Amino acid sequence: MALDQSFVGRSYPPTAPYEVGREKIREFAEAVGDTNPAYADPEAAKALGHPDVIAPPTFVFVITYKAAAQVVQDPQLGLDYSRVVHGDQKFAYTRPVRAGDRLTVTSTIDAIKSLAGNDILDVRGEVHDEAGEHVATTWMKLVARAAEEA
Amino acid sequence: MTAKIAYDDVEVGTELPARTFPVTRATLVQYAGASGDFNPIHWNERFAKEVGLPDVIAHGMFTMAEAIRVVTDWAGDPGAVVEYGVRFTKPVVVPDDDKGATIEVSGKVAAKLDDRTVRVDLTAVSAGQKVLGMARALVRLA
Chain A
22 MALDQSFVGR SYPPTAPYEV GREKIREFAE AVGDTNPAYA DPEAAKALGH
72 PDVIAPPTFV FVITYKAAAQ VVQDPQLGLD YSRVVHGDQK FAYTRPVRAG
122 DRLTVTSTID AIKSLAGNDI LDVRGEVHDE AGEHVATTWM KLVARAAEEA
Chain B
1286 MTAKIAYDDV EVGTELPART FPVTRATLVQ YAGASGDFNP IHWNERFAKE
1336 VGLPDVIAHG MFTMAEAIRV VTDWAGDPGA VVEYGVRFTK PVVVPDDDKG
1386 ATIEVSGKVA AKLDDRTVRV DLTAVSAGQK VLGMARALVR LA
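Residue numbers (this note's numbering), protein chains in the order written: chain A, 22 to 171; chain B, 1286 to 1427.
So here's chain A without its partners, still in its complex pose (with noise of 0.2 angstroms):
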């Protein structure tokens, strides 16, 4: 069933803030067998002249995902999450994200499509600091499949 087109533009109360901590961006780096020292040595960090380790550029995903569940969970809009693929993902960044920061996003869908029986839905998160200072702006396409005929 299609989407409700009058959730264009919507947009979701900003998440409590996300601290970003050192060992969690050393995980993601290790996880991704990333060993850029930039992610690991604050000493290194700072030579490039970031304040503290600065995250992987697909790190803030990690927190973007997890806000968005309140759009894509939402009963009122009624997307089968079973049937969910990641379509496309985009990054702007003003700055990366570092240890010591404490994030919120703010969820608002762009647009909704319907095509061929596939449901697609353009989630936006604007990811500010506790400052209020603009971080990075992700967009994360999501592409419900046509259910099957039964």
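Hints listed in this document are in silico derivations from the structure and should not be mistaken for laboratory results. Computed from a predicted model, the values in this text were never measured in an experiment. For each residue, glycine too, the CB sits at the ideal point set by N, CA and C. Be a bit skeptical, because a hint or two may be false.
[What the hints assert, rightly or not] These stretches of chain B come out as covered by chain A in the derived footprint (C-beta under 8 angstroms, 3 or more residues):
1. 1318-1326
2. 1346-1358
3. 1364-1370
4. 1379-1391
We have chain A already, so just place chain B on it with the hints.
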């Protein structure tokens, strides 16, 4: 931001050092834990096949994380990446053996833009198929 590559030293067509990244079932379990994405299609073969996949597949975000390493290793400072986007076109299928799969990533400078920024176009291939489309990063160079 302190990229180790100077804008004036690159041209359209400059190739970045290509890399091949291995991915096994153990890699996916580790990535699931670190990212918080526990969708069973990434670790449960029975479930993956039930929903019509050929086998367990890698997280798209894992592939996206690997692909940008070609850029961040080249630029030196990962903070030099100002934009990064991909389309997930094919899944990376990861068999249950010790070898797993590989993701081969190459990149080249596709455009020189304002503000000492370049656009790098990335190609990611697994089992002979392109797994990312429109994979592009904007990188601010020194």
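Counting residues of the segment 1318-1326 of chain B that have a beta-carbon nearer than 8 angstroms to any beta-carbon of chain A, does the count reach 3? holds (count 5)
Within 8 angstroms of chain A's CB atoms, at least three CB atoms from the segment 1364-1370 of chain B: coverage verdict: holds (count 6)
Within the assertion that chain A covers the segment 1346-1358 of chain B, do at least three residues meet a Cβ-to-Cβ distance smaller than 8 angstroms? holds (count 9)
Outcome, coverage hint (the segment 1379-1391 of chain B, chain A; C-beta under 8 angstroms; three residues): violated (count 0)
Of the numbered hints listed earlier, the single one contradicted by the structure is hint 4.
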